[in-house]
Amino acid sequence: MSASSRPVLPPEFLGTTDQSPEFPRDAPATATGDSNVVLDVRNLRTYFFTYDGVVKALDGVTFKLRRGETTGLVGETGCGKSVTAFSITRLIGDPPGRVMSGNVYYRGIDLLWGLDEEAKYKPIPKSNRVKVKRSFRKIKAAMERMSAVRGSGISTIFQEPSSAMNPIFQVSDQIGEALTLHQGLSIIDGLLAATPDAPEVGPAIDALIAAAIGGKREEVRAAAVRLGEAAHISSFATEAFYIVRGPGTAAGETRPDLVAALGRFRLNPLQRAFLRSQRRLVELRGEEHQLYLEEMRAGALQRGKHRAISARRSRERLSHFYYGIWGIRSRARHPMKQETFWRTVRLLEGVSIANPVQVAKGYPHELSGGMLQRVMIAMALSSEPDILIADEPTTALDVTIQAQILELMRDLKTRVGTAILLITHDLAVIAEVADRVCVMYAGLIVESAPVRELFQRPLHPYAQGLLASIPRLDQPDKELTSIPGSVPNLITPPTGCRFHPRCPYAMPVCKEQAPPTTLEGTDHEVACYLYKGPVVAE
Amino acid sequence: MGANTTAPVPTGHRPSPRWDQYKRTWYFLRRNTLALVGLTVIILLVALAIYALTIPNSTIPWNNLTQYCGTNGPFHLQGCVNVCTYPVGTPPPGPNCYQTPATAPSVVAPTLTTSPLSAGPLPLGSLTISSGGQYFFNTYQGIVRGSDWSLTIAFSIVIGGALIGLILGAVAGFWGGLVDEVIMRIVDIFLSIPQILFVIIVVSVVDIDIEQNAAFAGSDIRILILILAFMVVWWPFYTRIVRGQVLVVREQKFVEAARASGAQRGRIVRKHIIPNSVYPVFIQMSLDVGTVPLLIGALVFLGFRIFPSQYFPEWGSVSALSATDIQEFLQSCVSSCVIPWWQLFFPGFVLFMFAISVNFFSDGLRDALDPRLRR
Amino acid sequence: MRMWIYIVRRLLLLVPVIIGVMTITFILVNSLPINEQLIAHFGAPPLHQPWVYNNPIPCSYLTPGANGTCQNPIYLRDVHTLGLDQPVYTQWAHYIYNSLTFNWGTVSNFSYAGKFAINGLAAGQPVTEVLGWLLPYTIELALLSLVIILAVAIPLGNLSAVYRNRPIDQASRVMSFSGYALPSFLLAAVLLMAFVLLLTALGGALISGPWCPSGEPAYLEFYGSWPSATNQCYGAAGAAVNLYYPSWLQYGVVSHPTGFPTADAAIHGNWWLSLDTLIRMALPALVIAFGSIALLLRFVRNSMLEVMNLDFVRTARAKGVPEKTVINRHAGRNSLNVTITVLGLTFAFFIGGFPVIEEIFHLNGVGLILAFAVNASSYPIDVALVFGSTLLFTYLVVIANIIVDVLYAYLDPRVRLG
Amino acid sequence: MDDDVVPLVVAARNLRKYYPIRGGLFSTHIGDVRAVDGVSLDVREGETVGLVGESGCGKTTVGRLMLRLVDPTSGQTFYRPPADVEARLDRLYDQLRPYADSPDAKSAPAEAQAALGELDEIADQYSLYRMGPRKMRELRGKLQIVFQDPFSSLSPRMIIRDVVAEPLEIHGVGTRTERYQRVAELMKAVGLNPDHLWRFPHEFSGGQRQRIGIARALALRPEFIVLDEPTSALDVSVQAQVLNILKELQSEQRLAYLFISHHLSVVRAMSHRVFVMYLGQIVESAPTDPLFSHPLHPYTQALLSAIPIPDPTLNRDRIMLQGDVPSPAAPPPGCRFHTRCPAVMPICSKVEPPLIEVQPQHRVACHLYPNPIGSSPTLAAESAVAG
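Chains as they are written, first to last, in the working numbering: chain A, 1 to 538; chain B, 539 to 913; chain C, 914 to 1331; chain D, 1332 to 1718.
Take these hints with a grain of salt, some might be off.
What the hints assert, rightly or not - Here are the simulated DSS-like pairs of lysine-lysine, each with C-alpha atoms no more than 25 Å apart in a straight line:
{"#": "1", "chain 1": "A", "residue 1": "K131", "chain 2": "B", "residue 2": "K561"}
{"#": "2", "chain 1": "A", "residue 1": "K337", "chain 2": "C", "residue 2": "K1237"}
{"#": "3", "chain 1": "A", "residue 1": "K305", "chain 2": "C", "residue 2": "K1237"}
Stated by the list, open to error - So these bits of chain C aren't anywhere near chain D, every CB distance computed over 10 Å:
{"#": "4", "residue": "N985"}
{"#": "5", "residue": "L1258"}
{"#": "6", "residue": "V1328"}
If you're looking for bench data, these hints aren't it; they were derived computationally from the structure.
Predicted, not measured: the structure shown is a model, and the values here were computed from it.
C-beta atoms are modelled at their ideal positions from N, C-alpha and C, and glycine is treated no differently.
Taking the hints into account, I'd like the entire structure generated from these sequences.
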């Protein structure tokens, strides 16, 4: 059956991520401008300082992400697609890489605020190398600021799922980590508010078991959900469901298991104390993140508040110390682990994994690539992000698996409504899922248009060449053309338009200076001297 | 265009592409200050060794080894000079005569004057064995004459071990199967015996054998055996490294391509496997050259009186000798101490400089050869 | 389940290694003259000096041999008992059997070790027993220095990976290189000298403790594994006051019941003494640790660097995990595997440092008696002891490797679950 | 048909390659990874045979088997068998089909012995696996391979001139200068500048490296080249360059290609006949156009419908396969595809479908098409897939 037959995200997660009113989800990227834009990237520059010289991987990339829209970023190897993806949340390794300049507006905040103080650059004479003097303290601070956005607001999935998961932790641990980071409050509150001994729980259990014996899957599911509501904790619905679907269903011997499972909500004093102090820590983190966002909006550090927060945190840590002791910790954490585990299972169901419990218990090396990519997606979506950056999500997968994943992503787009930045080298994939396309070449976006528009009349010679060079399954006897030459090295890129050495229409002006980005028609931007539309950006 | 149209052989020969690579390596090496320092120190020491070769043996021996001229000692030293001591004030009867200092413990601090020794200055002080006794060595002579032997021993051991390791490792890695199993088991066996202990048992056995039949006797053969013993200890490390490399290289596609065009095993190993897996060996070698003198020193410290000859000591042994008797000095250090710091310091310093500069150099080499930096 | 298979397989792989080690030693021993082998096995024959062991004696009561003279019957008997008159493979079998049954010969009466080790009590004792007395001390020392190694190398390595090419990294690099380059005997001697001078400067000429009420030279605070009892204390008039070891400290070396000095002293309520043993171990443990730290540090750093470049670390950051957690939990746990493996590989080197250190600090461990056994300035080498202690050290290495493998399997699910 | 006149270059018959799995306490042989399990395919002069399948289906192994880079567990690859021999082979293998599972002569029943004997003598004459080392070395020049990964397929310590000249050296062709002349020609042939000769591989881009690889393969004037995913590591804009070069060379030198790829559109553009593999077996084989225009096997259909097409306007309803490819260590019984098949029938899990010719040149192994040429299997297929 197709992926769309299951709910994509469990209802109880919608809108429960810890965040505050000052920075609402539906805030536009920039205070002024289209309120539909969630991410607004303006001439982003990222350089890599290597022994051979300065690699200008990104040289002024500008694009927007709109709510509920999938934007494809397509280009050849080494054109800087992935670098763009990582520069947005500053996942670039630093050193050697550095985000040099640019703005990334998100919820009215400039994420890249404070770049200029972070390093000084001194060119080394008679060589194309540059000496970078970094202020690591400032960089560290900037990274901490980013952690207010990473995962919670902008989450990322990577190309090679098997290497993108930590090999020594179970899947449930890794997703659970994300859950505790971004939904710690709701998890803890849920646990503290659970009513395992409420009067209506007993009958709910009977109903569930009755449904389980010879009942249909949907009925059992419904009964389980009711049980969960009765116990005032929805993750228990999942657990109960898998308990009664387990062995011994027919005879209905699962009652003791259910009762035992309920036991985990009867918190002993130690566990309650642990949860409370955990909650305080989570709150503190939340406040700190708010502070970071505030700083990035106001563009000024507020050292005093930071000191206050860190002082409180150290106090909390002191009181939290005892839970760090080995035996105690495992005991105190137990309910939390259980909770995150079952929420993980629920999430895995959401990405249409057939046997979520086994998968959640499994280690990455035991799972296939497609399965892992689903897990990655579940992890990325666990915090209900506004923006999902997918870096070549299907490149490492087989065709049939790729089809499944693309199906899933199309689904998510419709249901969750996150803005997706899909990065790939495969125009066909773009055609399948994207709404807009940005074509990148040698660190620049040369053309961006709605997907149909681009495929019907590509303007930039590079885009044309790219489209012409794809072998088409539906047009077998199409003459395969190719773009002469190869991708330029970005240490000494060609002057002027970077495409001119390979361009069939190259004009003298192309060598002198880079073409401006012009608007052709309503929504079709291109950077080429062949077109004389109104200039959007230099 | 067609494969059968004849094209002219392109002219304009570049000197050699490999030369460019060496230049590139040197470029990366030059960036690394520590490596350069190490390189200079090594060069200086080698120069010292070459200078030492020019000193004729007939001049003052570096030490005075009468105490080892026993019949029941481990190493019967050939041609012991007989010590001659003479009262203060009188002129020395012969070139090999030292004056016995009157006061015990007899230690001579670094001095450039000929007094209290009429037989030449002690710029690095004396190295005194058995603090009560009257036997002491000229540290300066010891270090200078030590240089050539130390370097010779170190390099010969490492190169020998590396050669064995290279061959066996390549065989094990490339042939695989039973050969691999056998070789690696043997390697495990050797690696599970601590290096120095292995040398100890070998040397002591050899030593006893030498004692038994006089045919072996002779300092050079003893050194030869020492070197062999060290080689036997050393090859497994290289074998393991090389095998690991080969196992990686063997799976590379270019090896399969060579097989696809009909190359035999010998050629593949020679042309593809070895060239692509030697660099780690070089690095390991440059590390080990520094460790050999330390190990020899440890042996001497443990009581093997290993001197290549009466005339030529070896850095490890010199510094070990200097460390052996420090305890006796300390024991006597109740109220006022005469601690001969120099006799620890100078030989130790030379040893340390040699080893550490070799390390710096090899570290720089590793960075320079690291492909991740290259690309 | 798989893990058990893995462990058992490792244990099985052990057998050929141990047999092989014994074969190597067998080859060496066999290349010795028969005399030495006999002495090695029987310490020394009764009534005979070793160098007249196989002298031909006039045939007054004996049947002459080929050359008209007669072999010494004891010699012949011993040769026969050792099976030295049998073909090589039989000898090999005998040797392996003896080694496996810890029948490692006897300490010679004439060797330096026989005369002076353990106050001369080792002479004529079976090697195994003597080593048994000394092993616990060595193990305790090894554990102590292992703790130091891990406590220093792992955090320092991680730090220098995180702050790559910054001052702390450079410092740790220099430290590790000097660890490579400093011979342990030199380091030990220098430290010893420094501390003695320091203590002398602080505590004046004589240092007095409850063991030696009237004080002793500062050097003796570092000399030996126990406070020196006999005639090292200077009484009021400077006359030597003789104190003797308590009953549970046999020969001043072997302590009861466990044999681990600190534990025993504590068991017998002698707290200051157990503390004292620890203090005496501190310096040697540091010196031994220094070399191994040097080895380990680079590996930890490099493996950490590699791990931090892997994708899953980036994933963790993208999840919004705080940097500290990324380093400690995600990267640290992964690089720990490498660290453990390297530790196993360098354990042989680590063990090899013991003879030197124990000799210079005169600690009554296996290394010391090995050093005594080869101390041959004017005494014959004690073959039995040398080979015995080498075998023992090898066993330690092998066992350590097993433990490392098990740890590795425990830490890494890919090994555990195959 | 013209296939009779076009002579065979290589013909693989019933190739099997099992990799043993060792496990348990004493690492005993506890099973096999059936990488290739009874694959027969033949390549004729001047034609390109496409071999498609998902990763791990054993297509690369087939390529390496046909060059004898690995030795098979059983089966033969014949080099240039004449037409009559080819006919005999077909007859023999038809006879032996019932005993396909007992490949060695001993265990086969009496009635098969005769056939097996005849097969043996043919094999002694023509099979690659029966050739002595010397003869094999000569053949190596005729059978070449181009690898997927352009970065590990050139030795990083050799300059390009030596890389390309190596096959010539091995076979001792000509003098040094002649060799280098030939190298220069080859470089021209693959469209590379001859003064690249003195560079090291890491100074080239992926496409250039791949062309160098092709030049090396061409050095000995081969007849048959295995192209193992030659373009899957390249960008589309460069991919076309390489593909066109390959086509040109084929037309010039009448080369035979085995084009291994998971990229169906490239295969369609390149090859004359296509074999589809799943879990080590051929599930369908046909000339290109029929296969792509109306595929018969459900797997092929799913594969085709899974290919994304760079055209946002058309939206197709695809056949979505559930789950992953099963492990070749424990292939499902019966039809290996039945675990994921949308048109699965009860028989599929029990009986393994034979590869039968349901239309001229169009073979398929599926229970939906029990009947050979004559009836109309396509309708059956449609209904089955729909239902």
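Which of the numbered hints are not met once you compare them with the structure shown?
Every hint satisfied by this model.
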